[in-house]
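Visitor: Order-wise, the sequence lines are chains A and B.
Following the numbering used here, the residues of the first sequence are numbered contiguously, the last one being 451.
Following the numbering used here, the residues of the second sequence are numbered contiguously, the last one being 1195.
Hints in this document: simulated from the structure, not taken from any laboratory.
Careful: at least some of the hints might be erroneous.
Cross-link-like lysine to aspartate or glutamate pairs, in silico, EDC-like; alpha carbons within 16 Å at most [as the list claims (entries may be wrong)]:
id: 1; chain 1: A; residue 1: Lys268; chain 2: A; residue 2: Glu198
id: 2; chain 1: A; residue 1: Lys57; chain 2: A; residue 2: Glu181
id: 3; chain 1: A; residue 1: Lys268; chain 2: A; residue 2: Asp222
id: 4; chain 1: A; residue 1: Lys310; chain 2: A; residue 2: Glu277
id: 5; chain 1: A; residue 1: Lys398; chain 2: B; residue 2: Asp1179
id: 6; chain 1: B; residue 1: Lys1083; chain 2: A; residue 2: Glu277
id: 7; chain 1: B; residue 1: Lys1149; chain 2: B; residue 2: Glu1049
id: 8; chain 1: A; residue 1: Lys197; chain 2: A; residue 2: Glu245
id: 9; chain 1: A; residue 1: Lys413; chain 2: B; residue 2: Asp1179
id: 10; chain 1: B; residue 1: Lys1082; chain 2: A; residue 2: Glu414
id: 11; chain 1: A; residue 1: Lys422; chain 2: A; residue 2: Glu442
id: 12; chain 1: A; residue 1: Lys288; chain 2: A; residue 2: Asp255
Label pairs and their computed distance ranges (CB to CB) [stated by the list, open to error]:
id: 13; chain 1: A; residue 1: Ala436; chain 2: B; residue 2: Ser1076; range: 53 to 63 Å
id: 14; chain 1: B; residue 1: Phe1187; chain 2: A; residue 2: Glu230; range: 36 to 46 Å
id: 15; chain 1: A; residue 1: Lys413; chain 2: B; residue 2: Val1121; range: 29 to 39 Å
id: 16; chain 1: B; residue 1: Gly1077; chain 2: A; residue 2: Asn210; range: 31 to 41 Å
id: 17; chain 1: B; residue 1: Asn1048; chain 2: A; residue 2: Glu417; range: 44 to 54 Å
id: 18; chain 1: A; residue 1: Ala354; chain 2: B; residue 2: Gly1077; range: 56 to 66 Å
id: 19; chain 1: B; residue 1: Phe1187; chain 2: A; residue 2: Arg226; range: 46 to 56 Å
id: 20; chain 1: A; residue 1: Lys310; chain 2: B; residue 2: Ala1122; range: 40 to 50 Å
id: 21; chain 1: B; residue 1: Gln1033; chain 2: A; residue 2: Lys413; range: 44 to 54 Å
id: 22; chain 1: B; residue 1: Ser1076; chain 2: A; residue 2: Leu364; range: 28 to 38 Å
id: 23; chain 1: B; residue 1: Gly1077; chain 2: A; residue 2: Glu69; range: 43 to 53 Å
id: 24; chain 1: A; residue 1: Glu417; chain 2: B; residue 2: Ser1076; range: 11 to 21 Å
C-beta: ideal position from N, C-alpha, C; glycine also.
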Amino acid sequence: MSDSANLVGLAGENRYRQAELANQAQELVNKDQGISLLERAAERRKKDSKFRSFWEKTKTFWEWFRGNELIRYARWAIVILLISAIAQTFVEWDTFSASVAGHLGKDDATRGETFFHAFWWSVVTFTTVGYGDVSPTSPLGKSLAMVMMLVNLGLVTVLSGTIASVLVARRLQGGTKLDAEKYNQHLVICGWNHMVKEILEMIAGAHPTNNLIVLVNEADEDQVSRVAAEFKALDVTHISGNFTEESVLRSAFVDQSRMCLILPDTSKLGSGEAPDEQRTILATLTAKGISEELFVVAHVLEEGTVPHLKRANANDVVFVDPHVPFMLANHAVRPGVPQLLRMLVEESADAEHALSVTTVPEELAGQRHDMVSAFYRATHQWTVLGYAFSQAGFDLEKQMAESGSPLIRAMIKEQLEDAGIKLSMDEQVAITLNPADEFVVESGYNAVVLT
Amino acid sequence: MATKSDVKIDADAISRINLFQGLSETQCAAIAQAVEQTTYSPHGIILNEGDQGDTMILVFQGQVEVTKRVLIRTSSGISESKKAIIRLETTNPPPEEDPVTVPTVHVVKIPAFGVGEFSLVAENAIRTATVVAMTPIQAGIITIDAFNKLAEEDPTIAAPVFREVAKSAVQNLATATQDISNLTQAFFFALSTGN
């Protein structure tokens, strides 16, 4: 069989290939079921005890409470407020009790009222509001107030700075921050194209135990959520960001994920533009860089990208050949062409017509195409579609032979070989389709015929 | 620095030099008068590639190595390297001693030879290669001025010499053209298969 017949053969497999990617995802979902059943049982047992679950929640809260920067500064502020309020209550008892008694229209204020008044004064001073309704009068009270004011000056600056930075950090994360506890053994799909919907459809159809899916792409939020909303059975989250960046992948918790699918991304492209395969490679490298154990499946459109991805350590590469759009488009614009191709591809033994290759008889070498064509028409009722012939390889060493200086020849050879470039090119099969009548058929040519 | 084995520079010695083969005995004698005798010890540099020169060196006895500088790519980047092209050895008389290093290139044996001959036709010609002594060398130096003076006095001296120089220049040019062709091929070859 010649190359052309092989290519057409590939076109026939398209409809199977199309589903390959989604199938792969599905397979993994199923593969994990055995393990996750055990894990789930263990988890359920743990949750049986309500107290334990409450204790765990408290613990989580406590860890968060202790770890949060903002809360740490706020705690310090409250401690200082309390200390200063208590100190002022003692030192400036007369001033504060008289002031609060005056406010309340009483002769005497209780201890609690006086303390609250001192606390009130502390907050008014701390926040730099400073109503001035009451203030320490004794030198000791004033000194304490001064110390507190100076300490507050630093604390207020740090506190407001922290609030600002927390807000900025939240903005940078794109507003979506996933719960690290929840995202475990989930599926991450990087990139956006028309196939995402199909993939989700197939996964939803398989009713996986783990239905957590994170989509990472730069597509329009509305567009993504519209698609995601169709699948009630799946828990789909969208992270908007460049999936080639480590921080973005980390925010999707790829390191805890079951698998990362990387698709050709069309989210920022116009209708005619092809997705950038480099980004697929880059994303694979980044994902593998985050966790070597991560299972990465990449989908590429160009065959040339496949070896790069293998080198980037992708666990599997799905290459859907470009005949899919060709077949689909031709159904619409050139009806008949896909049907014809299928007929030729699905040839059976008793098929009336098929593609075939035959060596042109030596007697016809040197003749024009119209004559050769007429010969096959007359003898076999075949139509000659074109010719296949092997193109001689090229051997640089042979080409250079003994010409020029041996120094230069040796250098060329040595340098090319060092660079891993072979000095000869292999023979290749070239195809001439539908040649002009004047095309001369040379010896050794094979005719590609429709029988 | 005359030793017992010093080659006597006379008409006979001159006639053995490849460039002067077409000259008469009187003409050779005239050239012998213009040549200044010199010697080189092993490893001595006779000509240095890239230098400008207006002298030609006549080697009467000994072996020399001709090297060229080339840029090559190594594991640590691009570096300059000296590549031996050829060795030339006199046969009449043969060298007194064995060469200091074992030849890695072809050794061409001729009665006697001149190097830097392009200096005879072009003023301040660039030396196209480095020539290093491999054995003690008995040599003579002739300047372009001295040769021009001889040619003025006897114009028939110039023609055979220039013919020889021209021959070697044409040969060099042919080789260089082939080299360019080879390099161009290799260049496109590398570009087309490199990806």
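Visitor: Please go over all the hints and tell whether each is borne out by the structure.
Guide: Hints and how they fare:
1. A:Lys268 - A:Glu198: 20 Å, violated
2. A:Lys57 - A:Glu181: Distance ~12 Å between A:Lys57 and A:Glu181 Cα, so the pair holds.
3. A:Lys268 - A:Asp222: 14 Å, holds
4. A:Lys310 - A:Glu277: Answer holds: A:Lys310 to A:Glu277 is near 14 Å, not above 16 Å.
5. A:Lys398 - B:Asp1179: 15 Å, holds
6. B:Lys1083 - A:Glu277: Judged against 16 Å, a Cα distance of about 44 Å means the pair is violated.
7. B:Lys1149 - B:Glu1049: With a Cα-Cα distance of about 27 Å, the restraint between B:Lys1149 and B:Glu1049 is violated, given a limit of 16 Å.
8. A:Lys197 - A:Glu245: 24 Å, violated
9. A:Lys413 - B:Asp1179: Between A:Lys413 and B:Asp1179 the Cα gap is close to 13 Å, so the pair holds against 16 Å.
10. B:Lys1082 - A:Glu414: It holds: about 15 Å lies between the C-alpha atoms, which stays within 16 Å.
11. A:Lys422 - A:Glu442: It is violated: about 29 Å lies between the C-alpha atoms, which goes past 16 Å.
12. A:Lys288 - A:Asp255: Status holds; Cα separation ~9 Å.
13. A:Ala436 - B:Ser1076: 53 to 63 Å: Check passed, 55 Å falls within 53 to 63 Å.
14. B:Phe1187 - A:Glu230: 36 to 46 Å: Between B:Phe1187 and A:Glu230, where Cβ atoms are some 56 Å apart, the hint is violated.
15. A:Lys413 - B:Val1121: 29 to 39 Å: Between A:Lys413 and B:Val1121, where Cβ atoms are some 34 Å apart, the hint holds.
16. B:Gly1077 - A:Asn210: 31 to 41 Å: 51 Å, violated
17. B:Asn1048 - A:Glu417: 44 to 54 Å: Violated - the Cβ-Cβ distance for B:Asn1048 and A:Glu417, about 31 Å, lies outside 44 to 54 Å.
18. A:Ala354 - B:Gly1077: 56 to 66 Å: Since the Cβ atoms of A:Ala354 and B:Gly1077 sit about 58 Å apart, the hinted range of 56 to 66 Å holds.
19. B:Phe1187 - A:Arg226: 46 to 56 Å: 54 Å Cβ-Cβ, so the 46 to 56 Å window holds.
20. A:Lys310 - B:Ala1122: 40 to 50 Å: 58 Å, violated
21. B:Gln1033 - A:Lys413: 44 to 54 Å: Once the Cβ atoms are compared, 49 Å apart, the range 44 to 54 Å for A:Lys413 and B:Gln1033 holds.
22. B:Ser1076 - A:Leu364: 28 to 38 Å: 59 Å, violated
23. B:Gly1077 - A:Glu69: 43 to 53 Å: 48 Å, holds
24. A:Glu417 - B:Ser1076: 11 to 21 Å: 18 Å, holds
The structure fails hints 1, 6, 7, 8, 11, 14, 16, 17, 20 and 22 (numbered hints given earlier, in ascending order).
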